[in-house]
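Colleague: Work out the full structure, taking the sequences as your base and the hints as a guide.
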Amino acid sequence: MKLSLIIVLIGIGLVAADAGDDLQIAARRGQLAEVKRLLEAGAPIESKNQYGATPLYMAVFNGHSEVAALLLDKGANPNVTDTFYKSSIIDSALQKQKPEFVRRLIAKGAAVTGRQLNQVIAGGDIPTLEALLTATLKPEELAAGLKTAISAKKDGAAALLRKAGAAEPKLVVVSAETLKAYAGDYVSQVVPLSIRVSADGGELKAQAEGQQQFTLSAESEREFSFALAGIRMVFDGNGGFTLHQGGREIPYKKKDGVK
Amino acid sequence: MKWLLAVLVTVSAWSAESWPQFRGVNASGVSGSEHAPLRWNGEKGENVLWKTAIPGLGLSSPVVFGDRIYLTSAISADTSAKVKHGLYGTTESHADVSKHQWKVYAIDRKTGKIAWEQTAAEGLPKTKRHPKSTQANCTPATDGQFVVAYFGSEGLYVYTVDGKLQWKKDLGIVNAGWFFEPDYEWGAASSPIIHNGNVIVQVDRHKDSFIAAYRLKDGVEAWRTARAEIPTWGTPTIVESKSGVELVTNGTKAIRGYDPKTGKELWSVGPNSEITVTTPIFANDLIFVSNSYPPSQKTYAIKPGSTGDLSKETAAIAWSKPRGVYMPTPLAFQDQLYIIQNNGILNAYAAKTGDNVYQQRITQGGAYSASPIAAAGRLYLTSEDGDIHVIKAGSAYELLSTNPMGEVLMATPALADGVLYVRGMQNLFAIAEKR
Chain A
220 MKLSLIIVLI GIGLVAADAG DDLQIAARRG QLAEVKRLLE AGAPIESKNQ YGATPLYMAV
280 FNGHSEVAAL LLDKGANPNV TDTFYKSSII DSALQKQKPE FVRRLIAKGA AVTGRQLNQV
340 IAGGDIPTLE ALLTATLKPE ELAAGLKTAI SAKKDGAAAL LRKAGAAEPK LVVVSAETLK
400 AYAGDYVSQV VPLSIRVSAD GGELKAQAEG QQQFTLSAES EREFSFALAG IRMVFDGNGG
460 FTLHQGGREI PYKKKDGVK
Chain B
36 MKWLLAVLVT VSAWSAESWP QFRGVNASGV SGSEHAPLRW NGEKGENVLW KTAIPGLGLS
96 SPVVFGDRIY LTSAISADTS AKVKHGLYGT TESHADVSKH QWKVYAIDRK TGKIAWEQTA
156 AEGLPKTKRH PKSTQANCTP ATDGQFVVAY FGSEGLYVYT VDGKLQWKKD LGIVNAGWFF
216 EPDYEWGAAS SPIIHNGNVI VQVDRHKDSF IAAYRLKDGV EAWRTARAEI PTWGTPTIVE
276 SKSGVELVTN GTKAIRGYDP KTGKELWSVG PNSEITVTTP IFANDLIFVS NSYPPSQKTY
336 AIKPGSTGDL SKETAAIAWS KPRGVYMPTP LAFQDQLYII QNNGILNAYA AKTGDNVYQQ
396 RITQGGAYSA SPIAAAGRLY LTSEDGDIHV IKAGSAYELL STNPMGEVLM ATPALADGVL
456 YVRGMQNLFA IAEKR
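So the sequence lines, in the order shown, correspond to chains A and B.
Throughout, the working numbering is defined as the position within the first sequence, counted from one, plus 219.
Throughout, the working numbering is defined as the position within the second sequence, counted from one, plus 35.
Don't read these hints as lab results, they were simulated from the structure.
Check each hint, because a few of them may be wrong.
Simulated pairs of lysine-lysine, DSS-like, Cα-Cα distance not exceeding 25 Å [as the list claims (entries may be wrong)]:
id : chain 1 : residue 1 : chain 2 : residue 2
1  : B       : Lys86     : B       : Lys469
2  : B       : Lys204    : B       : Lys148
3  : A       : Lys293    : A       : Lys317
4  : A       : Lys357    : A       : Lys293
5  : A       : Lys472    : B       : Lys338
6  : B       : Lys134    : B       : Lys117
7  : B       : Lys199    : B       : Lys277
8  : A       : Lys315    : B       : Lys469
9  : B       : Lys356    : B       : Lys333
10 : B       : Lys427    : B       : Lys387
11 : B       : Lys387    : B       : Lys333
12 : A       : Lys267    : B       : Lys333
13 : B       : Lys356    : A       : Lys474
14 : B       : Lys299    : B       : Lys242
15 : A       : Lys305    : B       : Lys288
16 : B       : Lys469    : A       : Lys267
17 : B       : Lys277    : B       : Lys387
18 : B       : Lys134    : B       : Lys203
19 : B       : Lys427    : B       : Lys469
20 : B       : Lys134    : B       : Lys79
21 : A       : Lys305    : B       : Lys333
The following residues of chain B were derived to be distant from chain A, with all beta-carbon distances above 10 Å [said to hold, decoys possible]:
id : residue
22 : Glu81
23 : Gly91
24 : Gln136
25 : Asn231
26 : Asp243
27 : Phe245
28 : Thr297
29 : Ser331
30 : Ser346
31 : Asn382
32 : Arg413
33 : Asp422
34 : Pro439
35 : Gly453
This one's a predicted model, so the numbers in the text were calculated from it and none came from an experiment.
From the three backbone atoms N, C-alpha and C, an ideal C-beta is built for every residue, glycine too.
Modeller: Structure representation (structure tokens):
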């Protein structure tokens, strides 16, 4: 290839990179006119910053609805997840609590996960939940969401989920004697955070040191979950349990060594 | 002659111990005082030698040399602007961009009276701050002849100890803030240090980061080394070991060692945390650096005198732990390394080996952003809620006392000649027990 052509191609690449950076900046600052100008000048709509975030990602992240709407209309991909926090565009829209924008993203093809559904159920934001339910969700995700809503006593959310076709969850009943055996103060050699487990009114509750108590749902005699925080606790029947959260497995043992 | 001798004795008594930069000599956090206060009450004035109101907001620590204490602050025209303390997470900047004055104070060590004050800069802040931050986070440095004050985007200032401006330097916009969104500005906090007649500053920002040395007497650049770094908040540390003298910095891409004479990079260890706040320290023939933000949240014990990329060179790393600390710089004291987490959990390790010694929550709840210091066999742990806990140094946790100060505490205290100097959100205190 001729040197002059190589130089031109490299130059085009550099200009595109600059235009992509400019679009990133304009989008995250909500500068609508500048975003329009840059798009018309050919700035790459899917340019990514060093953490994989696109202009649409940053516009939604910073709550700039008009810029985000423009980018969506111009075909920006609504299914982008950053490489650092592993957070998606829908995650940002949910945090901003903008149900109409959630609907718009879903209408343009944004995917929704069971985790996000549980998050919205926990927050009790009915308009956003209604928007979220316009997405295609798997039956098991809907069922898990209904279980979460029932556990958390979110009746409005439960009604919406049933209307969306969520199957009624099977209730697992664990004996009071078993629950009492699980109760105690637990410590881990891996993380400096103790957890107190208590049995109360036929339910198992957990409270990490310095944090709020939460109620666990029984999945089986030994497995309990708290879907809102993505927590699973699997008791070993020997004075310990393994905490599963965020891909990590952390073993805990009863503080006094009593089974 | 008698009169002259009396003056010399008085001066030398005062100059027995200094605390000349962030966390004392080479950021060790350790005072050589044989005596240090155990019980006091800042609210009631018990064992408080003096208390002086400091205008404005600042998280910089006091530094001590001779008969003076030096401190910085930033006074906003918006008097309602506050620092929001506590355990919480936010990435957004504080809204206060009103006119500020950036101040340098010299305070009489004996009486607490303000000996002189200078307004280093005045105007609208060039960069914003985090709600938990201020416009005066960087601790000054002094060698007893000059006082160095650094205010990030507002510049670097060197005064004589009598308060005369010697020189100043604009280092450009230092928009230290969130790596993920550069418009979320949090404020600079890396403090200047003085070494061999130079002032050294670590300027890490989104683009064009560098570390530089300027001649203390006239500001002439001695050297400047570009750093491939994003914003960081730790202070550079001079390490003097049998292998020579190194300048060590914490950083996102890497922890690095430099030659302080030339600025040449000697070694690096990375990748590191995306947000680095703590300052490296040297003790027990090891360089300790600790971080606690993804992706790498390690505590390292690095052997001095290394060269090259140590990232895969395990021989240069004496030991490491998978978990470190986010904000308070660790403390090495009497063969143990102490790490106080932001949430008040204290971990003690054997300094040479990293073996666990103990782990203890100091109190229920509470937030800790000040770094621990030590003297006379005791550790001083400063809680944001206004208490300073005194812990006995050793292989078993023992709380000796809890001392209320009556105001929010976020700056790391200083300790020299048995007197504890505590900067609260409103006042500077001098604390000592009668002997």
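Colleague: Hint by hint, note whether the structure agrees.
Modeller: A quick look at each hint next to the structure:
| no. | hint | verdict |
| --- | --- | --- |
| 1 | B:Lys86 to B:Lys469 | 16 Å, holds |
| 2 | B:Lys204 to B:Lys148 | 29 Å, violated |
| 3 | A:Lys293 to A:Lys317 | 21 Å, holds |
| 4 | A:Lys357 to A:Lys293 | 29 Å, violated |
| 5 | A:Lys472 to B:Lys338 | 36 Å, violated |
| 6 | B:Lys134 to B:Lys117 | 15 Å, holds |
| 7 | B:Lys199 to B:Lys277 | 38 Å, violated |
| 8 | A:Lys315 to B:Lys469 | 57 Å, violated |
| 9 | B:Lys356 to B:Lys333 | 5 Å, holds |
| 10 | B:Lys427 to B:Lys387 | 20 Å, holds |
| 11 | B:Lys387 to B:Lys333 | 16 Å, holds |
| 12 | A:Lys267 to B:Lys333 | 29 Å, violated |
| 13 | B:Lys356 to A:Lys474 | 24 Å, holds |
| 14 | B:Lys299 to B:Lys242 | 20 Å, holds |
| 15 | A:Lys305 to B:Lys288 | 20 Å, holds |
| 16 | B:Lys469 to A:Lys267 | 63 Å, violated |
| 17 | B:Lys277 to B:Lys387 | 16 Å, holds |
| 18 | B:Lys134 to B:Lys203 | 20 Å, holds |
| 19 | B:Lys427 to B:Lys469 | 20 Å, holds |
| 20 | B:Lys134 to B:Lys79 | 35 Å, violated |
| 21 | A:Lys305 to B:Lys333 | 21 Å, holds |
| 22 | Glu81 | 30 Å, holds |
| 23 | Gly91 | 30 Å, holds |
| 24 | Gln136 | 29 Å, holds |
| 25 | Asn231 | 37 Å, holds |
| 26 | Asp243 | 15 Å, holds |
| 27 | Phe245 | 20 Å, holds |
| 28 | Thr297 | 30 Å, holds |
| 29 | Ser331 | 13 Å, holds |
| 30 | Ser346 | 20 Å, holds |
| 31 | Asn382 | 7 Å, violated |
| 32 | Arg413 | 23 Å, holds |
| 33 | Asp422 | 16 Å, holds |
| 34 | Pro439 | 21 Å, holds |
| 35 | Gly453 | 33 Å, holds |
The structure is inconsistent with the numbered hints 2, 4, 5, 7, 8, 12, 16, 20, 31, although it conforms to all the rest.
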